[in-house]
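Chemist: This is what each chain is made of:
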Amino acid sequence: AQRVTQPEKLLSVFKGAPVELKCNYSYSGSPELFWYVQYSRQRLQLLLRHISRESIKGFTADLNKGETSFHLKKPFAQEEDSAMYYCALSGPGNQFYFGTGTSLTVIP
Amino acid sequence: NAGVTQTPKFRVLKTGQSMTLLCAQDMNHEYMYWYRQDPGMGLRLIHYSVGEGTTAKGEVPDGYNVSRLKKQNFLLGLESAAPSQTSVYFCASSTTGLDGYTFGSGTRLTVV
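The listed protein sequences derive, respectively, from chains V and P. Using this note's numbering, you'd call the opening residue of the first sequence number 1 and step up by one each time. Using this note's numbering, you'd call the opening residue of the second sequence number 1 and step up by one each time.
None of these hints come from the bench; they were simulated from the model. Keep in mind that the hints are not guaranteed to be accurate.
Unchecked claim - In silico DMTMM-like links for lysine to aspartate or glutamate, alpha-carbon gap of 25 Å or less: (1) V/K22 with P/E59; (2) V/K57 with P/D99; (3) V/K22 with P/D38; (4) V/K9 with P/E59.
Given these sequences and hints, build the entire structure.
Modeler: Set out below in structure tokens:
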């Protein structure tokens, strides 16, 4: 069965510090993984997808099939990064399976 | 370019009342979805559609019905609202799984 786990509900870091949001998945096929971000009172937005190997707003994520992980990283956190982050897996029927989310707070 | 539009944005219902949430997309997307977002539980799929005239159940379909009579619209109905259906509802659409979703701005529903 498809499953996405985000072990941290809350994460606080100081401005300028590195940040890593963890995501682990279980999926029998070849996974397509995504990170979504939701800023306060806004709609969810696609942050990045592993297939494009892009860097958005300084964030990167590497798919590690051996550890079944897709952790989101940024070397220097900014206050505007404070938001809710969701890891998601694309499964059969183009359904997305979302993790429970991690609320990131960047402390000035 | 409106993207995905949800109406209404807010609604308060009494237990037992019915209502319909409308999702409209102008991107000619085949796939449309309804999710509910609850604290500590992330987003859970209620129903989805892979094309006009088709619907399928997601993870938490009980108490909800959907219809996709037109490609651009996906309706979510609550026939008899219950307090457990108090949530934020998000609609999304996509072309393929590789492109990710485009989300609507959400509907905050309170059932009292």
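Chemist: Now tell me, hint by hint, if it's right for this structure.
Modeler: Status of the hints after comparison with the structure:
1. For the proposed pair V/K22 and P/E59, the alpha carbon gap of about 24 Å is at most 25 Å, so the pair holds.
2. Proximity of V/K57 to P/D99 is assessed by CA-CA distance (about 19 Å); at most 25 Å being required, the pair is judged to hold.
3. A hinted pair counts as satisfied when its Cα atoms are at most 25 Å apart, and V/K22 with P/D38 qualifies at roughly 20 Å.
4. At most 25 Å may separate the alpha-carbon atoms for a hinted pair to count; V/K9 and P/E59 meet this at roughly 21 Å.
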